[in-house]
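Below, each chain spelled out in residue letters.
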Amino acid sequence: MSERMGFFTDTSVCIGCKACEVACKEWNDVPDDGFVFRATSYDNTGALGASTWRHVAFIENGDGWLMSSDVCKHCTDAACLDVCPTGALFRTEFDTVVVQSDVCNGCGYCVPACPYGVIDRREGDGRAWKCTMCYDRLRGGLEPACAKACPTDSIQFGPLDELRERAAARVAGLHAAGRTEARLYGEDPADGVGGDGAFFLLMAEPETYGLPPDPVVTTRDLPAMWRWAAAAALSMVGVTVLATAGRRR
Amino acid sequence: MGAREWAGRWPVLRQLAGQDPRRDAARSARTDALVPRTATADSVARSVCPYCAVGCGQLVYVKDGKVTQIEGDPDSPISRGRLCPKGSASKQLVTRPGRVTEVLYRRPHGTGWERLDLERAMDMIADRVVETRRRTWEQTCEGEQVRRTLGIASLGGATLDNEENYLMKKLYTAMGAVQIENQARI
Amino acid sequence: MAECHPVGFQWVMEAKARGTKVFHIDPRFTRTSAMADHHVPIRAGSDIVLLGALINHVLSGGHDFREYVLAYTNAADIVSAEFRDTEDLDGLFSGFDAESRTYDPASWSYEPAEEGEAAPRGGEHAGGGRHHAETARPDQYGSGGATAHPRPRRDETLTHPRCVYQLLKRHFSRYSPEMVEQMCGIPAADFHRLAAAVVAASGREHTTAWVYSVGWTQHTVGVQYIRSAAILQLLLGNMGRPGGGILALRGHASIQGSTDIPTLFNILPGYLPMPKAGVNRGLEEYLAHAATDTGFWGNKRSYLVSLLKSWWGDAATAANDYCYDYLPRLTGDHGTYSTVLGQIDGTVKGYFVVGENPAVGSSGGRTQRLGLAGLEWLVVRDMTLIETATFWRDGPEIETGELRPEDIGTEVFFLPAASHVEKEGTFTQTQRLLQWREKAVEPPGDCRSDLWFYYHLGKRIRQRLADDEIDRPLRDLTWDYPEHGESREPSAEAVLREINGTGPDGRALSSYLDLKADGSTRCGCWIYCGVYADEVNQAARRKPGGEQSLVAPEWGWAWPLNRRMLYNRASADPRGRPWSERKAYVWWDEERGEWTGADVPDFERDKSPDYRPPPGATAQAAISGTDPFIMQADGKGWLFAPSGLGDGPLPAHYEPHESPLPNLLYGQRANPARKIYDRPETPYNPAGSSRFPYVLTTYRLTEHHTAGGMSRTLPYLAELQPEMFCEVSPELAAERGLVNGGWATIVTSRAAIEARVLVSGRVRALRLQGRTIHQVGVPYHWGWAGGGVVTGDAANDLMPIVLDPNVYIQEGKASTCDIRPGRRPTGRALLDLIEEYRRE
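Protein chains in written order, with full-length UniProt numbering: chain A, 1 to 249; chain B, 1 to 186; chain C, 1 to 840.
It cannot be assumed that every hint is accurate.
Computed cross-link-like contacts, EDC-like style, restricted to lysine to aspartate or glutamate with a CA-CA straight-line distance of at most 16 Å [as the list claims (entries may be wrong)]:
1) B:K66 <-> C:D85
2) C:K169 <-> C:D85
3) C:K543 <-> B:D75
4) C:K459 <-> B:D127
5) C:K583 <-> C:E205
Just so you know, the hints here were simulated from the structure itself, not pulled from any lab data.
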């Protein structure tokens, strides 16, 4: 297996350009997510969802802006993966969490399981979609599209261990410069999701960005979940195979 | 892949067979075959973003005569492989289905578009230029030679290539058209 | 910059990480403001007050970089005793003619070094610009080099009351922090912080850079905004040095190229002026007036003759003045706005619109559309059915009932264009860098490059010529380029090679220094000479940045001669040594007898710092070894411009044409030389009108591009900013009953448009002159159709047609408006609303 790869999103240098949103869509062929003026500052994306895998939030704080690009956290203890009865969700050789669209049957168990509200089913399609950390690109030795496009390196991609070191140094630097509000979010392996594969440097409380302060893997107390899920899935297998084969025609 | 063979790869069966249910056992054949589409491109053109004037390098990947990906050129000392949302959307600019690819013609006082053959359109435009130029020719103005027409004008965008601007200015000037303008003034 | 040039902004972020202080001066709070150390909100249209106060701060505090200023600027030059400043004439300079609204710059000239000293050939210098005033109207400015005496009388002590330094001190003395507070709405403490930072970051060890975009240019005093910055940077020694300069961030992929190889009415390629009727009768008369004789413009004959040879080839001979008379002549303003008025008046019959969308992208949208409706024929080339192509069926005037499609006689040809990946060619980006694009795929369907269009149109026109005099310039035109492929695409590389130029042996030239005035060389644009040096397309060079120095000289090609920083001789002191180790860039290597360093020296490589021009020297020989500004007649940076500007030798603050405020600095309220069009189609809001109490400014968003043709049409961009909106402060929202997310109608004398409302604390109400000034900001990316997946009203419909007198740019960044809650009326009722506003 390769090293665990991840994202470190340093929101202190995010300029809110949304290149990540567009680069993600172009690479992954994600459809548009509607043309809705939300009157929420410069954010007309709203939230992560089946057709939005990167979301740049604009937080108006008094007379300024906090900007931050949110993404699937690729949790160490990933509830979405735990509850997936079909094996559509799996953990890759990069320790990222990916939905296989050819396997997903749209059951939707993963949707409420996610403590961050990231994964969702796409209208009209029914299947669950979310950030893959550009799994195909990773397999080709490329960095994810969002990280590559990011003009200011706010989105950094690399081995998680290295990113954690870099992040710690960045926080220390900001603190030394008087920016004591800087803090990391999701980098701690001891947190409720075992640490995130995609973690953040925030310039305010997580709640300010709409992030849960203490996310907990929803399946923590269900170690037996998998055996149950596998059995349940097996009972459905015949039906699903037929349905999936039908879709492929 | 036949249904039976495919069913044999069904993650649940592989999990029951003892593979890690959330890792290798879950992988579909499609997943195993994944490669970035840039890796299978027939050609890569080195280009430049058409939006603002920073001049970010773009790599344009082509497969079977179609653009399959446009992303930043890491070699560029200007952009170092990065692109803004507009630059990142360039593939859509080029490949979107709604792009108009036919000549359209609206006759005077007409209420709708008509199709027109490109060659015929070019002939018609050339006829109009020649006729208008003759009709509006000014050899002198207030007794001074001016040798021009004020009957034909042009306004260009600033995404024109240098070579294009050059031919425009050259042809217009030889034609005697002087009201030749560009976004550069706007 | 983060807003409109995000990828360029990565370098600002790097600088910031290294300790650079970033100030963002903008009426609007943008993504740049969010990243800056300090955002300084300013009233739109008041920047000269701020820049003037910074200049005053530098001068009165003795903060100027004296050695640099003495050696490299015209600070010591003594100006004619006839000159009168705005201090003397309450806001006017000497030489103003109220009737023609123009200046005679004669009195702005330098005093010659010796009484009665003959000026160098050309005749413009001794007369102190008088000749210039007779021959050059503002439509000539921006071309060639402005003329000035190369050796005026100087006072190196800078104490003579008429030396430039003292004139500057006096002129800017009223630009005080208090004035900044009253006119710009910037509190004195914020001003002092900015001034201290600028001074601290200038000198031998440090430099300050100013970065601007059209927020500085789209004003009736736009050119003087840039002049103000130039004066400040010259005084602080920040020009021609690394980390310094005044950087224009241009907004389009090759807008720089569109000026260098202009599709602009007043210039020929390489900033040579277009000839003017009556005063440029023959080649000799043209050359006598075209530019200066000293400095590199002194080679103008070689530049022009080589251009004429590249256009008319063997037909251009010494005997016929190289076909100089084939060039059409100007008789004044032929700019885009007067052209549109000509369309309405019926003089302009046919119009080519190529990758541009004036129906929503130019000021006074209604005027633009009435112009289009007045044409006999219109050719639109674009990638999408923009509003300019469809105005006749779905324009706002159709909706209001003013026009009916049946009544519009315009014949419209829409020709689909190839995209940037479907053709090859060069863009010139914002730092003069030419980058060649490879062609990736063939264009679909009828889509063709503009190169194809003009080449084949030219061929067809040439097939239809008569045998008479009128058609000779077209018959003799060199118009033969290799064709490729099924669609017979002309070779862009062959065109680039023609632009580069060839020598007597037919080989590509390497340098404009090789151009000859005898007709033996050809060159389509002298400043681009060298882009095809050694028969190699230098613009296609792609040595990875990581394998080069930071200057990256082997990526693309920068004009002139691959120099990446202009006037970089100034990065060394007069003796040729770097001002400091930290700021070393280009310096004189005494041993090797040449200039060397990180960049190609923007100076003759072997010209010693000790070189002094002999009497009567012309061209570059007239530039001494210590004069870095080699395009100038005297090689100096001009703190005071003795000629070349239509509205004064020094910047003075004038209020925008439409402004809610008086000018506290002078009795003269607005720029006296601004270009006004008295037309019923595009009336003005009265200055100081209570009907239009708010400042209106337009701008861009990261997610969109200009008038939207390349962004509204793309779902991935359109979804990010799907609707036209305006930004207002909470105070203004309260005053006018505007609700976040609701609708507002914005009204001027030209139009009323609707927009969704964003109420934000980011938008600051400014307190000044005992009142509150509100600013309404509107992005201008929307239009009613344009093949867009999102549509909206066009901001440019609101804007007036009033122009800077030097370059004819419109005042798009500062005008006035009213704003009211709710959507605008439609149909006839919309016209009634505008009429109601006009009447009051």
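Results for each hint:
1. Straight-line distance between C-alpha atoms of K66 (chain B) and D85 (chain C) comes to about 64 Å, which puts the hinted pair past the 16 Å bound.
2. Distance restraint check for K169 (chain C) and D85 (chain C): the Cα-Cα separation of roughly 12 Å lies within the 16 Å cut-off, and the hinted pair is therefore satisfied.
3. Annotation: proposed proximity of K543 (chain C) to D75 (chain B) holds, straight-line Cα distance about 7 Å (limit 16 Å).
4. For the hint linking K459 (chain C) to D127 (chain B), the alpha-carbon distance of about 12 Å falls within 16 Å, and the restraint holds.
5. For the proposed pair K583 (chain C) and E205 (chain C), the alpha carbon gap of about 6 Å is at most 16 Å, so the pair holds.
In summary, the one numbered hint that this structure violates is 1.
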